[in-house]
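K.L.:
In the order they appear, the protein sequences are chains A and B. Following the UniProt record's numbering, the numbering of the first sequence begins with 1 at its first residue and continues without gaps. Following the UniProt record's numbering, the numbering of the second sequence begins with 1 at its first residue and continues without gaps.
Treat the hints with care, since some could be wrong.
As the list claims (entries may be wrong) - Derived DEER-like restraints, expressed as beta-carbon distance ranges:
id: 1; chain 1: B; residue 1: TRP24; chain 2: A; residue 2: ASP246; range: 31 to 41 Å
id: 2; chain 1: B; residue 1: HIS316; chain 2: A; residue 2: ALA359; range: 45 to 55 Å
id: 3; chain 1: B; residue 1: GLY208; chain 2: A; residue 2: LYS80; range: 57 to 67 Å
id: 4; chain 1: B; residue 1: PRO116; chain 2: A; residue 2: ASP246; range: 35 to 45 Å
id: 5; chain 1: A; residue 1: ASP246; chain 2: B; residue 2: LEU98; range: 39 to 49 Å
id: 6; chain 1: B; residue 1: THR5; chain 2: A; residue 2: HIS22; range: 22 to 32 Å
id: 7; chain 1: B; residue 1: HIS316; chain 2: A; residue 2: LYS104; range: 53 to 63 Å
id: 8; chain 1: A; residue 1: ASP155; chain 2: B; residue 2: PRO116; range: 30 to 40 Å
id: 9; chain 1: B; residue 1: ARG312; chain 2: A; residue 2: LYS44; range: 45 to 55 Å
id: 10; chain 1: A; residue 1: GLY67; chain 2: B; residue 2: THR5; range: 48 to 58 Å
id: 11; chain 1: A; residue 1: PRO149; chain 2: B; residue 2: LEU280; range: 35 to 45 Å
Unchecked claim - Derived DSSO-like pairs (lysine-lysine); straight-line CA-CA distance at most 27 Å:
id: 12; chain 1: A; residue 1: LYS428; chain 2: B; residue 2: LYS318
id: 13; chain 1: B; residue 1: LYS21; chain 2: A; residue 2: LYS17
id: 14; chain 1: A; residue 1: LYS120; chain 2: A; residue 2: LYS64
id: 15; chain 1: B; residue 1: LYS2; chain 2: A; residue 2: LYS354
id: 16; chain 1: A; residue 1: LYS435; chain 2: B; residue 2: LYS317
id: 17; chain 1: A; residue 1: LYS242; chain 2: A; residue 2: LYS428
id: 18; chain 1: B; residue 1: LYS317; chain 2: A; residue 2: LYS426
id: 19; chain 1: B; residue 1: LYS324; chain 2: A; residue 2: LYS438
id: 20; chain 1: B; residue 1: LYS324; chain 2: A; residue 2: LYS426
id: 21; chain 1: A; residue 1: LYS152; chain 2: A; residue 2: LYS104
id: 22; chain 1: A; residue 1: LYS44; chain 2: A; residue 2: LYS152
id: 23; chain 1: B; residue 1: LYS321; chain 2: A; residue 2: LYS438
id: 24; chain 1: B; residue 1: LYS318; chain 2: A; residue 2: LYS426
id: 25; chain 1: B; residue 1: LYS21; chain 2: A; residue 2: LYS242
id: 26; chain 1: A; residue 1: LYS44; chain 2: A; residue 2: LYS104
Claimed, not checked - Every beta carbon over 12 Å from chain A, so not counted as near; a handful from chain B, in silico:
id: 27; residue: MET1
id: 28; residue: ILE38
id: 29; residue: THR41
id: 30; residue: PHE46
id: 31; residue: ALA106
id: 32; residue: ILE209
id: 33; residue: THR325
It should be emphasised that the hints constitute simulated quantities derived from the structure, not laboratory data. Glycine included, C-beta positions come from ideal geometry on N, C-alpha and C.
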Amino acid sequence: MFAFKYKREGAYTEERKERTEHLPIEEAPVPDLLIFPLAMHIGKPAEAIVEVGDKVKMGQLIGKKDGFISANIHSSVSGKVTDIKEAATMHGIGTCIFIENDHKDTPAAPLFQGEAPTDKQARIKLIEDAGIVGMGGATFPTNVKLSPPPGKTIDTLIINGAECEAYSTSDHRVMIEYADELVKGIQILLDLYPIKYTYVAIESNVHDSIEALEAAIGDDSRIKIKELETIYPQGAEKRLIKNLVDREVPSGGLPADVHALVSNVSTIRQVYQTIAYGTPLMSRVTTLTGEPVKNPKNLLVRIGTPIQTLIDACDGFQSKPGKMLHGGPMMGKPINSGQIPITKGSTIITFLPKEEVVADERTPCIKCAECLNVCPVSLQPILISNAYEQGDIDEAERLGAMDCIDCGNCSFICPSNIPLLENIRKAKGEIKARKENK
Amino acid sequence: MKLNTAELSTTASPHLFSRRKSDWIMQQVIIALVFPTIAATYFFGFRVLLMVLVGVVSSVFFEYAYQKYRNIPSTISDYSAVVTGMLIGLSLPVTAPLWTIVIGTAFAILIIKQLPGGIGRNALNPAVAARVMLKVFFTPWITDWVTPGADAVSTATPLEYIGHFSKSVSAEVPNLMQLFFGFELGGNVGETSKFAIILGLIYLVVRGIINFKIPLLYVVTVAVVTGLYSSFDLTYMMTHVLSGTLIFAATYMATDYSSGPLTPDGKTLFAIGLGVLTALFRILFNFPGGVGFAILIMNALTPVIDRYLAPRIYGHKKRPKVLKTT
Chain A
1 MFAFKYKREG AYTEERKERT EHLPIEEAPV PDLLIFPLAM HIGKPAEAIV
51 EVGDKVKMGQ LIGKKDGFIS ANIHSSVSGK VTDIKEAATM HGIGTCIFIE
101 NDHKDTPAAP LFQGEAPTDK QARIKLIEDA GIVGMGGATF PTNVKLSPPP
151 GKTIDTLIIN GAECEAYSTS DHRVMIEYAD ELVKGIQILL DLYPIKYTYV
201 AIESNVHDSI EALEAAIGDD SRIKIKELET IYPQGAEKRL IKNLVDREVP
251 SGGLPADVHA LVSNVSTIRQ VYQTIAYGTP LMSRVTTLTG EPVKNPKNLL
301 VRIGTPIQTL IDACDGFQSK PGKMLHGGPM MGKPINSGQI PITKGSTIIT
351 FLPKEEVVAD ERTPCIKCAE CLNVCPVSLQ PILISNAYEQ GDIDEAERLG
401 AMDCIDCGNC SFICPSNIPL LENIRKAKGE IKARKENK
Chain B
1 MKLNTAELST TASPHLFSRR KSDWIMQQVI IALVFPTIAA TYFFGFRVLL
51 MVLVGVVSSV FFEYAYQKYR NIPSTISDYS AVVTGMLIGL SLPVTAPLWT
101 IVIGTAFAIL IIKQLPGGIG RNALNPAVAA RVMLKVFFTP WITDWVTPGA
151 DAVSTATPLE YIGHFSKSVS AEVPNLMQLF FGFELGGNVG ETSKFAIILG
201 LIYLVVRGII NFKIPLLYVV TVAVVTGLYS SFDLTYMMTH VLSGTLIFAA
251 TYMATDYSSG PLTPDGKTLF AIGLGVLTAL FRILFNFPGG VGFAILIMNA
301 LTPVIDRYLA PRIYGHKKRP KVLKTT
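Use the sequences and the hints to build the structure in full.
P.N.:
Have a look at this one:
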């Protein structure tokens with residue numbers, strides 16, 4: 001009875017998934033004009049290899065990866081390149097390729113002819129060619145993750161189905177409707193690496209996806225489903241590794257440093273599609289939801305589709321939206337144009353009702369320590385925030401500002417409305433800037 | 001309805017916020033204080049309500065007046081002054097003149113809370129500091145203990161029988177049931193019924209307002225230290241646990257946010273420290289009030305505790321080296 005938890009390592013946010021969690025994935029309409037930002041992944045933007053006026057086929061390479069951490073981009077329709085110019089994207093203004101859809105879906109040649117290669121390096125190369133990046137939102141090139149530096153062997157594979165953001169149901173639906181492809185994708189990776197532990201991490205609130213996966217796994221005893229507490233940010237990579245195999249990624253390090261590989265369910269499904277059929281990453285499942293949306297949906301969307309097309313597919317709004325987010329309400333990026341296209345990391349577009357977008361007045365800190373209680377990496381957010389506001393960047397760094405994972409729990413929980421995460425971000429910015437100047 | 005992008009807010013994440021605000025938290029503490037207030041009114045009569053009222057009104061007045069005078073934003077709407085006022089009203093005996101309550105709240109609000117910068121900045125618990133100050137300077141007026149009832153006779157508190165090197169409980173001490181429920185017991189009005197206080201404690205824990213380990217470790221430590229001293233005489237231990245202001249202070253004062261540690265391990269050390277000091281004061285000295293001194297000492301040590309017990313950050317081997325704790 002005294003098993004009280006004073007350290008929660010998360011916050012119990014409302015889930016708000018009920019409007020879309022039971023809706024089957026629908027194919028979204030394909031628009032007349034698609035927009036392909038050259039930077040839709042972490043790292044260097046791809047290089048455009050088409051010119052205005054070029055005809056392209058569906059699946060044709062249009063942006064070539066530039067450097068080690070970068071990714072290929074393929075057209076998701078057939079048609080004509082009408083423009084290559086700066087436009088609004090999820091990550092600010094960036095160069096985009098505009099393609100006019102001829103609605104014929106004339107396919108380009110697949111990434112390989114005949115049988116898929118079985119050799120490990122050839123398969124990783126295939127994943128690289130297909131432009132696969134982390135589809136859970138981080139958009140880190142998957143082939144890089146799959147090629148850890150020598151000495152850093154992978155013994156643990158964690159398939160991240162812990163969709164901890166409120167409203168978000170795209171991974172949930174993928175696990176139910178593409179369970180077979182997901183499991184085949186996992187098996188492809190298991191054949192490539194001497195992996196000892198394979199876990200599919202799922203939050204306890206999504207029982208139907210657990211059932212679907214169990215059926216798909218069948219008697220493959222290598223793959224274990226791990227049901228986790230529904231608590232935000234359960235799906236954060238560092239916390240998953242800690243909770244599942246009790247290892248901590250060293251500060252500033254990568255999961256490979258503790259022999260772990262964490263990958264989102266949609267990414268693994270895409271790996272299967274690529275290895276089985278030679279299909280590059282051209283579409284993904286994105287949820288468009290929130291109270292203001294009239295008919296929220298889980299949509300199978302061609303990469304490059306402007307958000308407005310999806311809004312129309314959901315019959316517009318029933319009330320005034322106050323915020324449009326690329327991502328969920330805890331970590332999502334606010335955006336303000338319907339012309340911004342869906343990209344590889346677009347798990348969800350969330351609309352928040354106007355009445356929820358309120359700026360409560362900041363009041364003095366009452367030292368309740370809730371920000372410490374909910375921090376998934378055990379920081380003292382209020383002290384970092386204070387240090388930043390006092391101009392003491394050294395202290396902010398000593399307090400571990402750089403270890404912050406941006407989850408937003410501290411600002412969420414603060415009863416005094418102190419912009420904790422905002423201050424920590426600014427402190428991080430100054431620490432980075434100082435390091436670069438040295 | 002069409003998307004009007006001009007109406008969209010673009011403030012950075014997170015975009016949702018908990019509805020638990022500071023004023024709500026303080027309201028929960030007030031609700032939890034209603035339990036001992038009702039019990040005290042039952043045992044000592046309606047004068048208790050007058051004492052609480054005087055405490056609340058004077059606390060809020062002093063906070064309002066100070067902030068008006070200094071021309072800084074008023075914080076009376078966060079209800080923290082109400083909590084301090086209730087605590088001071090409840091931590092005096094029913095015979096205490098009302099002016100002692102006013103002196104107590106003036107000291108608590110003006111000197112202890114507002115001078116260092118108001119809510120969240122005070123190093124000492126305002127109510128405890130006020131109580132100790134009154135004890136030191138106004139003893140004759142506030143330590144005339146009476147047992148409840150029409151014939152209100154002056155009595156000694158139970159602690160005077162078990163403190164100061166005695167190792168067993170003499171016959172004059174009320175039995176444990178009396179101590180727990182507060183029947184025929186002298187003392188400060190709020191602390192008499194441990195039963196009512198525990199109801200308040202449960203409320204605060206269920207609401208997630210206080211960290212249960214602080215009152216638990218505090219009381220358990222007192223039991224262990226008095227147990228070690230008395231060769232684990234259970235009646236002696238339990239009499240210590242149930243006597244005086246221990247349970248009241250463990251619930252409402254040791255759990256004060258501002259004057260206690262921020263860090264999880266700090267809270268543990270703080271609570272154990274409180275228990276050790278309280279038990280030692282009671283055993284070594286011939287005066288009641290060990291709890292108050294123990295809390296003030298641990299309050300004063302809090303910055304040091306927090307500095308050395310900063311939580312180890314994920315992915316690091318050692319605790320961070322921290323220079324500031326506020």
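K.L.:
Does each hint hold? Answer for all of them.
P.N.:
To see whether the hints hold, each was checked on the structure:
no., hint, result
1, TRP24(B) with ASP246(A): 31 to 41 Å, "holds (37 Å)"
2, HIS316(B) with ALA359(A): 45 to 55 Å, "violated (34 Å)"
3, GLY208(B) with LYS80(A): 57 to 67 Å, "holds (59 Å)"
4, PRO116(B) with ASP246(A): 35 to 45 Å, "holds (42 Å)"
5, ASP246(A) with LEU98(B): 39 to 49 Å, "violated (59 Å)"
6, THR5(B) with HIS22(A): 22 to 32 Å, "holds (31 Å)"
7, HIS316(B) with LYS104(A): 53 to 63 Å, "holds (56 Å)"
8, ASP155(A) with PRO116(B): 30 to 40 Å, "violated (53 Å)"
9, ARG312(B) with LYS44(A): 45 to 55 Å, "violated (36 Å)"
10, GLY67(A) with THR5(B): 48 to 58 Å, "violated (34 Å)"
11, PRO149(A) with LEU280(B): 35 to 45 Å, "violated (58 Å)"
12, LYS428(A) with LYS318(B), "holds (21 Å)"
13, LYS21(B) with LYS17(A), "holds (25 Å)"
14, LYS120(A) with LYS64(A), "holds (22 Å)"
15, LYS2(B) with LYS354(A), "holds (14 Å)"
16, LYS435(A) with LYS317(B), "holds (23 Å)"
17, LYS242(A) with LYS428(A), "holds (24 Å)"
18, LYS317(B) with LYS426(A), "holds (26 Å)"
19, LYS324(B) with LYS438(A), "holds (26 Å)"
20, LYS324(B) with LYS426(A), "holds (19 Å)"
21, LYS152(A) with LYS104(A), "violated (46 Å)"
22, LYS44(A) with LYS152(A), "holds (24 Å)"
23, LYS321(B) with LYS438(A), "holds (23 Å)"
24, LYS318(B) with LYS426(A), "holds (25 Å)"
25, LYS21(B) with LYS242(A), "violated (31 Å)"
26, LYS44(A) with LYS104(A), "violated (32 Å)"
27, MET1, "violated (4 Å)"
28, ILE38, "holds (27 Å)"
29, THR41, "holds (29 Å)"
30, PHE46, "holds (33 Å)"
31, ALA106, "holds (21 Å)"
32, ILE209, "violated (9 Å)"
33, THR325, "violated (7 Å)"
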